[in-house]
Amino acid sequence: MNGFLQRLAQLHLYLGLGLALLLWLIIFAGSVSFYRAELDTLQLQTRAGLSLPARLPEAPQSTALALRHLQQNAATAQHWYIELPEQRSPYLKLHWQLAPESEQQGSKQRAIRQGALIQQYLHPHTGEPLLEPRPLRFGATEHQLGGWFFQLHFNLLQLAGQHSRSLVAFAALLWLLLTISGLLSLKGQWRTLFRPLQPVPAVCAKGQQLSSTAQKKHLQNHQRAIARRRHQQLALFTLPFALLFALSGWLTQMFSENSAPQQLLYPQNPYQFYTELFPLAQPAAETAVAEAGSGSGAAPAPDLAPMLLAAAQAFDGNAVGKISITAPGRPQSTVLLSSSAASRVGNQPQTLLFALADNRQWQPFPAAIASASSSAITKVEQAGDKPLAQLRQLGYGLHQSLYAGEILRLVLLSFGLVSCWMIWLGIKAALTRLKPGRWQQLLAVLVPALAGATVLASLLLILQSWLLILPWSLSQLFVFNWLLCCGLWLLFSGWRGFAVAPQALKAE
283 MNGFLQRLAQ LHLYLGLGLA LLLWLIIFAG SVSFYRAELD TLQLQTRAGL SLPARLPEAP
343 QSTALALRHL QQNAATAQHW YIELPEQRSP YLKLHWQLAP ESEQQGSKQR AIRQGALIQQ
403 YLHPHTGEPL LEPRPLRFGA TEHQLGGWFF QLHFNLLQLA GQHSRSLVAF AALLWLLLTI
463 SGLLSLKGQW RTLFRPLQPV PAVCAKGQQL SSTAQKKHLQ NHQRAIARRR HQQLALFTLP
523 FALLFALSGW LTQMFSENSA PQQLLYPQNP YQFYTELFPL AQPAAETAVA EAGSGSGAAP
583 APDLAPMLLA AAQAFDGNAV GKISITAPGR PQSTVLLSSS AASRVGNQPQ TLLFALADNR
643 QWQPFPAAIA SASSSAITKV EQAGDKPLAQ LRQLGYGLHQ SLYAGEILRL VLLSFGLVSC
703 WMIWLGIKAA LTRLKPGRWQ QLLAVLVPAL AGATVLASLL LILQSWLLIL PWSLSQLFVF
763 NWLLCCGLWL LFSGWRGFAV APQALKAE
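In terms of our numbering, the sequence shown is residues 283 to 790.
None of these hints come from the bench; they were simulated from the model.
Some clues are possibly wrong.
[As the list claims (entries may be wrong)] When the alpha-carbon atoms are kept at most 30 Å apart in a straight line, the in silico DSBU-like pairs for lysine-lysine are as follows:
id	residue 1	residue 2
1	K469	K717
2	K499	K469
3	K469	K710
4	K604	K375
5	K717	K499
6	K499	K710
Modelling step: build the complete structure from the supplied sequences, incorporating the hints.
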């Protein structure tokens, strides 16, 4: 058993040395992402040049403002999205997807714009645009500070291309392996784990005074033991946080990126896996638009006020967070109301679908299906009924923690930062176990510079987004800040110690 524990400790050491910095970056970005909405609001207020009101309007007032803006500026769109104001995001967020048939430009620009998603922010009380509408591409968050940190955590800003999310999933699995191997290697040390360490001796066992070289060696061993002991203590303290977020993150990414689950569960029809994992809650906009070509006449604009009342009853009093309208102004149009993400632990919200019946009245989905002319509506599945989908949505909801209140978010942020500190102490203790030499000294200088520059660059990025309006993208700003902080760190502390190290080795 001692040999097994020794191999576990070696596995923990070498895995940590090789990939701990990547894991540290993902956990740090994820910890900041607990305040994703607040960071987005902070940047929006700076760019808009005003303070958003703390008092939120009633949902019917907000939806009326949003619907009016969409009818005036996106009448030909094939899909409308409305996100209602919340305490953490006190503004109206609109998206609309351009319809392909509305393109009148050249073939190249039409290919770029076809199906493009446009984003617009509105004042919650007046409906005035806060910023100019902007086209979005999938995963782009250069205009959202909190979203930028979230994408850094979720897919490393696509730095590794199509393998980015797989790399993050591997890092989550690595976190689990490091946690388990580290805990198992502590067998027999639990009683002494929280006892104070013995001080550095000034004399040897024979009572003779130690030389300066011997005292320095004892001091280095003592500092390494302190770093290792604190690393172990913090690992035990953050164990619930590590198990929850490492496991939920790994399962979420595995379900989305890895092909093994669908091949194992559905060898005959792997696509059924995604059908159950992401059930259809509303007919696709493309299907409704295609069917609209055979229809006649225009559909009346949806009256969202009674729909909000019906949704409040169906959602057991939970607030409506999002409204999705497919094929607006067409007979095949549908309206999907979803509960706020903050009202449930799981990522799958409560939904209520309205469709236009033959009597040109908006009716809930069960009542409209018998008389609706759209065959697409009959293909809608009840979202979240499958156990696989429920498991994935629960894990993803726990990982995102959108349900967390102010105190819980602060606790989660603290646990995340303590986990980063724990990883850093483990790296520090592991570096001292390497063979003394030039490479050991180089790593001892570079590793603190890389981690410290990342923290300082992130703080600078938040301050710049709060106080300044710069023409650079968030990624460009972060790279500039990181290079500046890393250079200053190496200039004032790192290279000085690296230059002195060979002299110290010669003296020994």
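Violated hints, by number in ascending order, as checked against the structure: Checked against the structure, no hint fails, so every one of them is satisfied.
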